[in-house]
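Input sequences plus hints: build the corresponding full structure.
Take 19 as the starting number for the sequence shown in the numbering used here and just add one per residue.
Simulated from the structure, these hints should not be mistaken for lab results.
Keep in mind that a hint or two might mislead.
As the list claims (entries may be wrong) - Quick list of in silico lysine-lysine cross-link-like pairs, DSSO-like style, CA-CA up to 30 Å:
hint, residue 1, residue 2
1, K50, K156
2, K84, K183
3, K38, K50
For clarity, every value in this text was computed on a predicted model and none was experimentally measured.
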Amino acid sequence: MNYFIPALLLITFVAGIVKKVNLFDSFTGGVKEATSLTLNLIPYLVAVFIIMYMMRESELTTHLAKLINPVFSYLGIPNEVTELIILRPLSGSGSLVVLENIYTQYGVDSYVARVASVMMASTDTLFYVVATYLSTSKDKSTSYAIPISLFTSFLGVILASILCKYV
Numbered sequence: 019m020n021y022f023i024p025a026l027l028l029i030t031f032v033a034g035i036v037k038k039v040n041l042f043d044s045f046t047g048g049v050k051e052a053t054s055l056t057l058n059l060i061p062y063l064v065a066v067f068i069i070m071y072m073m074r075e076s077e078l079t080t081h082l083a084k085l086i087n088p089v090f091s092y093l094g095i096p097n098e099v100t101e102l103i104i105l106r107p108l109s110g111s112g113s114l115v116v117l118e119n120i121y122t123q124y125g126v127d128s129y130v131a132r133v134a135s136v137m138m139a140s141t142d143t144l145f146y147v148v149a150t151y152l153s154t155s156k157d158k159s160t161s162y163a164i165p166i167s168l169f170t171s172f173l174g175v176i177l178a179s180i181l182c183k184y185v
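So, in structure tokens, the structure goes:
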């Protein structure tokens, strides 16, 4: 396993030589594309980070969790994962902190920890993904992308709760 990346680089280098590709020009072309992608991505990422910071500092996620706990309880979602549900679409690192707190408080083999683990594995930081997509796409419309992503993520949370309860 330690030799996988060097072997992959060697295979790529040999394939480039066999196909008579100018490897240096290809490499610098890739760097140019990556630089323009990074510059296009910055405004979207800054917006997501500002929203995350404001939510964290205002404790909005905690207040939202208290507000929607009755609805989640009715749907069979444990109250302990409500803050994770709110935070996961916004922040990967923030949701990892919440997940760690769940593990510490309830144990890694508990029902709540299993639901939280399945949620973390089956959902993504939607706003980061949408920001990345929009930075490279010609169509900048988010009218359907964000609501559909949030809805399917929420359905995944409900399914995770059901599966972890009976499996």
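Taking the hints in turn, this is what the structure says about them:
The straight-line distance between the Cα atoms of K50 and K156 is roughly 19 Å, inside the 30 Å bound, and the hint therefore holds. Distance check on the hinted pair: K84 and K183 sit about 23 Å apart at the alpha-carbon level, within 30 Å; holds. For the suggested pair K38 and K50, the alpha carbons sit about 21 Å apart, so the restraint of at most 30 Å is met.
Figure legend: structure checked against the earlier numbered hints; every hint is met.
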